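There are 2 protein chains.
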Amino acid sequence: MVAPRYDVIGLGNAIVDVLARAEDDFLVKHGMAKGSMSLIDEARAEAIYAAMGPAIEVSGGSAANAIVGVASFGGRAAFIGTVKEDVLGGVFSHDIRAEGVTFNTTPFKNGPSTARSYILVTPDGERTMNTYLGAAQLLSAAEISEEEIQSAKVVYLEGYLWDPQNAKDAFLKAANIAHQAQRTVALTLSDAFCVDRYRDEFRRLIKDGTVDLLFANETELKSLYETADFESAITALREDTKFAVVTRSEKGAIVATKDKIEAIDAFPVDNVVDTTGAGDLFAAGFLYGFARGFPHIASAKLGALAAAEVISHLGARPERKLADLAREKRLLR
Amino acid sequence: MVAPRYDVIGLGNAIVDVLARAEDDFLVKHGMAKGSMSLIDEARAEAIYAAMGPAIEVSGGSAANAIVGVASFGGRAAFIGTVKEDVLGGVFSHDIRAEGVTFNTTPFKNGPSTARSYILVTPDGERTMNTYLGAAQLLSAAEISEEEIQSAKVVYLEGYLWDPQNAKDAFLKAANIAHQAQRTVALTLSDAFCVDRYRDEFRRLIKDGTVDLLFANETELKSLYETADFESAITALREDTKFAVVTRSEKGAIVATKDKIEAIDAFPVDNVVDTTGAGDLFAAGFLYGFARGFPHIASAKLGALAAAEVISHLGARPERKLADLAREKRLLR
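Chains as they are written, first to last, in the working numbering: chain F, 79 to 411; chain W, 79 to 411.
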């Protein structure tokens, strides 16, 4: 058995975010459900882009954001995801490596272009995403290196991978290798609409132990168990899984195990600019703490801190070095 | 003679900015003069990009930023500049049009890629630029439409156009058409290092009346007249030109004519994040006021307001609608 070289390895869609501010009217006019992530084809991507305001381009992708967060805390992190050898593919690869993340997936020379997510940020800071998966949807089991997966204490998977069949195969291959090496498999449910598409499969993955550690927000959890009542959803969750982290925006988060439920407060934020990446960065802090053997509450506080940092500016990756921020707040030594 | 359809038409390098934070050490290590704009080739562009931190991509270009500012004040504005038909060319075209600017220049199908400027923002908010001109340097007289130039009250040119010979031809053609139609020709000196490259030519353009309205900052002006003394530079300037706007960062700005010198204060800014675009946006406010027949001081105040907005966040284009901001501050009705 190899010694773990990474704290966390992430597997997800490699996406560049195209972020613009928009009024609520814009969402209505273009038939978008606020707060959702919709998959779109190239024609719709072009139509949305033509209609939306001036934008900034910044690397994103749910699991990729979380992995960058782990590295920003000082963790050893790696990412697997597919881009094309084009300008945005170069942007994605540069940015994730510049954060200190190992990224060895070979870019495709041909085929669809690098994935983009057109993210509309409304005045309340909420984000509505329209994602053209492009090269990201070609992720398959071929990209999963057994040696790399075995080298990480935790494998972190995003629910969005369940959309393309190839990526689902990659997901299961990675989970399998990890378990054979006695590693932890973590999953984020990604989005309530994603849960809606794959509810039964996600419940099976959680129940049969394919997933050891589940990340969900309140909306996703309610969607998973088809209930409007948070307490019922938590009860159902604890029957299915032994370990879960549920984030609740300004209400903080809870860590649920078979033994107990622990709650922590949200970190105060003066001005919420853009909630993109909040869940990803919460996961980053928790995963870093978990991989380093911190108590759950201490790990969750790192998550809350990272989420607060990322929602205070545009873009889904931290602007400050999270290790420095955590030291200032005395959450790390 | 056609009636003016635009308040301002700009001619400049069409560039996408690649912005990252960097420590002063990084500039020293890579032999960069802080605050400068250097032209780089593709190999150096790749080396700098590989070494720099995670970045955001946002449309830029000096004259383009100013023109976007004019549109943001509610002015009718157009831009001429060349991109390639590639991802960054699409980004540039989308963003400038999304601000309401008319942009009719046909993108190139082949040849070098769309221009990029790698901008390193140090902790003091200062920016150091490394520009790969690519498709922008292919701007030539062929892109200058006589009808479009005649249609604008002011033609705004950037000093950076003096670097490639083709662009210089385009510059002179535009100035010529404008003068035949009794329009105003404005020039920004762009950068002290640019002035250093073309001092004699810029002085000739100002003296012989090719340029009616000059924009410069204090450093550029001192470089133009090779003096360390601001008063001497102003005296020399007023001998050469009848109309100039000189910006002085936190010391405000002055408007110099043959008759008099008027000074205005800088607009207070809580937190200077990134000075990129300060000069461009000052020009935007002044040009908008000038084209609409405002007194010089009122125009300069719009300039100061726009400069203050753009230095309070990353990126060289306004995040707020400048017309709204100016109304809040009672600078516009």
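Since the hints were made in silico from the structure, they are not lab data. As the structure is a prediction and not an experimental result, all values here were calculated from the model. Be a bit skeptical, because a hint or two may be false.
Same chains, same names: a pair is fine if it fits in one copy or spans any two.
With a Cα cut of at most 35 Å, we get these calculated DSBU-like pairs of lysine-lysine [what the hints assert, rightly or not]:
no., residue 1, residue 2
1, Lys329, Lys187
2, Lys107, Lys399
3, Lys399, Lys112
4, Lys399, Lys246
Hint check:
Proximity of Lys329 to Lys187 under the C-alpha cut-off of 35 Å is found in neither arrangement, the shortest distances being 46 Å within a copy and 52 Å between copies. Proximity of Lys107 and Lys399 under a CA criterion of 35 Å is satisfied inter-copy only: 22 Å between copies versus 39 Å inside one chain copy. Taking the closest pair of Cα atoms, Lys399 and Lys112 come within 35 Å of each other both inside a single copy (30 Å) and across two copies (24 Å). When the C-alpha separation of Lys399 and Lys246 is checked against a cutoff of 35 Å, the pair qualifies only within one copy, where the shortest distance is 33 Å, while the shortest distance between copies is 44 Å.
Taken one by one, the earlier hints fail for this structure only at number 1.
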